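Trainee: For this one, chain B is given, so just place chain Y on it according to the hints.
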Amino acid sequence: MNESSYELRSGETHIEVHKFFPGAILVVCVLSLVFQAMAPVYFPKVAVIDLPLLVTIYFGLSRRNPSTGLLLGMIIGLAQDALSGPTVPLGFYGIAKTLIGYLASSIGARLDTEHPAARFALIYGFFVLHQAVLVLIRRLLLAQPEPWLNAHLAIAAGVNALLGTVLYLAFDRLRSS
Amino acid sequence: MVAIPSKHKSLALLGGVLLVQVLLLAVQIKRDSRGRLIRVWAITATSPFERSGAFGVGWVRGVWNHYFALRSTSRENEALRVENDALKLTISQLETKASEADRLAALLKFRQSHEQVPMLGARVIAASAGTASRTIEIDRGERDGIRRNMAVITPDGAVGKVIEVYRDAAQVLLLTDKDGGAGAMLVSSRVQGPVGGTGDPMMMMKYVATDEEVKTGEKVVTSGMDKIFPRDIPVGTVVEVKAGNPFKQIKVQPAAHLDRLETVIVLLTQTPVEFKSETPSSTQQSEASPPAATAKSEKP
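Order-wise, the sequence lines are chains B and Y.
Just so it is clear: in the first sequence, position 20 is 7 by this note's numbering, and no numbers are missing.
Just so it is clear: in the second sequence, position 219 is 210 by this note's numbering, and no numbers are missing.
Read the hints as simulated data drawn from the structure, not as lab findings.
All values reported here derive from a predicted model rather than from experimental measurement.
A few of these clues could be false.
Said to hold, decoys possible - Lysine to any residue pairs mimicking SDA-like chemistry, simulated, CA-CA at most 20 angstroms apart:
no., chain 1, residue 1, chain 2, residue 2
1, Y, 21, B, 121
2, Y, 21, B, 126
3, Y, 21, B, 125
4, Y, 0, B, 133
5, Y, 21, B, 72
6, Y, 0, B, 62
7, Y, 21, B, 131
8, Y, 21, B, 129
9, Y, 79, Y, 115
10, Y, 21, B, 74
11, Y, 21, B, 127
12, Y, 21, B, 133
Claimed, not checked - Sample of chain B residues at the chain Y side, in silico, Cβ under 8 angstroms:
no., residue
13, 53
14, 54
15, 79
16, 81
17, 85
Cβ atoms here follow ideal geometry from the backbone N, Cα and C, with glycine treated the same way.
Just chain B, same shape as in the assembly (with noise of 0.2 angstroms):
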């Protein structure tokens, strides 16, 4: 990973791609994913925070780079099907989280997203159409029904989004620059 951070220059706007310590990208993925596998088994309430999610999320805005953003994102989500068992077919979550890691990067070259209300709103919007995925994902191509929206949605939206701003507070730390 480089060490440094430039400037993207994009129309009129000068927007600053961080870049961050070395292996930091690395282990916050691995234990985004190693928390979100066994964390519900001691707290079953914990499942509905998606962490590897606010990871791709975090990454991709930071990083401005749709390319890395939908390959930092596909890796994720590959590897959180992995982690899912069997019943969870490959790609299931890879899909959603490649969408995410390239939309979080466009978003993140045009807009200055470091402030936290920025950041709890695009959060939230990331996690509601992720949520749109896979339960496309789920009705197209498993044929399973699933609902659309609902009140847990969008309280999961909330608790996603609240956590994911104070852990990009902290996540921050780890840039270089």
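Mentor: For chain Y alone, coordinates are given in the frame of chain B:
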């Protein structure tokens, strides 16, 4: 290779990555009724092209076979024609054998139903050489017990009588010969009269008075009065009745197929024998009226 603009590279990459994962999903997902999703997609995607391809190939092959590759067609036609002729011949032979089997079965049945009457089956080996007479030659003769004036019949009806006997053959005078005939009677009215040939395929029933009622379609059977044919053997059917003075002119069609005889039965007795009639109408009539009650004349 088509160069992708740099600003679209990430979009292309996204599309590629998503596609790969969708395919990955499709490989894993198995629908209960239609197998793996990737197969469903693959078949759905390729079947239109396959159908089109098959249609195209069939069309090209059809054009080629029907308009260009005709070199061997003529040869095949010739071979098929020869084969067809051979098959026709085989069919004809089989039909002949089948009809022969039917005839033999009928003879056997007739023989079994009249076991008390001594009879002998014979094969027709020749017919009269000219049109002046109506005779046949059978392959049984004196050595087989055949004698002159023995009755010759088929399961269908009376045929004629033996007029010449040789060592291993015999000549039979058919009922349709000008000199042939048999004592007969009408089944319904029991009116008797000799039936004789005229040299034509039809026979004439003679000496039936004008005042007797005779209808076309009426059956004629042997009366047994000629001492040659047993009683109640079918002789023929009345096909034409004309008024005459003093006798009717009654035309009778032979019951036996005298123009295509192949096997016959020779009754090996010169003494009168009684046959049980197999025709219901004649049986009814026999019960209804006494035999030979209205006999007028007989000319065997």
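Trainee: Does residue 131/B lie within 20 angstroms of residue 21/Y when you go C-alpha to C-alpha?
Mentor: Holds, because 12 angstroms separates the two Cα atoms, which is no more than 20 angstroms.
Trainee: Can the hint on residue 54/B be confirmed by a CB-to-CB distance to chain Y that is less than 8 angstroms?
Mentor: holds, 4 angstroms
Trainee: Under the criterion that the straight-line Cα-Cα distance not exceed 20 angstroms, is the pair residue 0/Y, residue 133/B satisfied?
Mentor: violated, 34 angstroms
Trainee: Next pair to validate is residue 21/Y with residue 121/B; report whether the Cα-Cα distance is within 20 angstroms.
Mentor: At roughly 18 angstroms apart (the allowed maximum being 20 angstroms), residue 121/B and residue 21/Y satisfy the hint.
Trainee: Can the restraint linking residue 0/Y and residue 62/B be considered satisfied, given a maximum Cα separation of 20 angstroms?
Mentor: holds, 19 angstroms
Trainee: With 8 angstroms as the cut and Cβ atoms as the points, is residue 81/B at the interface with chain Y?
Mentor: Cβ of residue 81/B sits 5 angstroms from chain Y, so the hint holds.
Trainee: Given the hint that residue 21/Y pairs with residue 133/B, test it: the Cα-Cα distance must not exceed 20 angstroms.
Mentor: holds, 18 angstroms
Trainee: Verify the proposed pairing of residue 21/Y with residue 129/B, using a straight-line Cα cut of 20 angstroms.
Mentor: holds, 8 angstroms
Trainee: Does the structure keep residue 79/Y and residue 115/Y at a Cα separation of 20 angstroms or less?
Mentor: violated, 26 angstroms
Trainee: Classify the hint on residue 85/B as holds or violated, based on whether any CB of chain Y lies nearer than 8 angstroms to its CB.
Mentor: The hint holds - residue 85/B has a Cβ within 8 angstroms of chain Y, the shortest such distance being about 5 angstroms.
Trainee: Holds or violated: are the alpha carbons of residue 21/Y and residue 126/B at most 20 angstroms from each other?
Mentor: Holds: residue 21/Y and residue 126/B sit about 14 angstroms apart, inside 20 angstroms.
Trainee: Straight-line Cα separation of residue 21/Y and residue 72/B no greater than 20 angstroms?
Mentor: Distance of about 16 angstroms is within 20 angstroms: holds.
The earlier numbered hints that this structure contradicts are 4 and 9.
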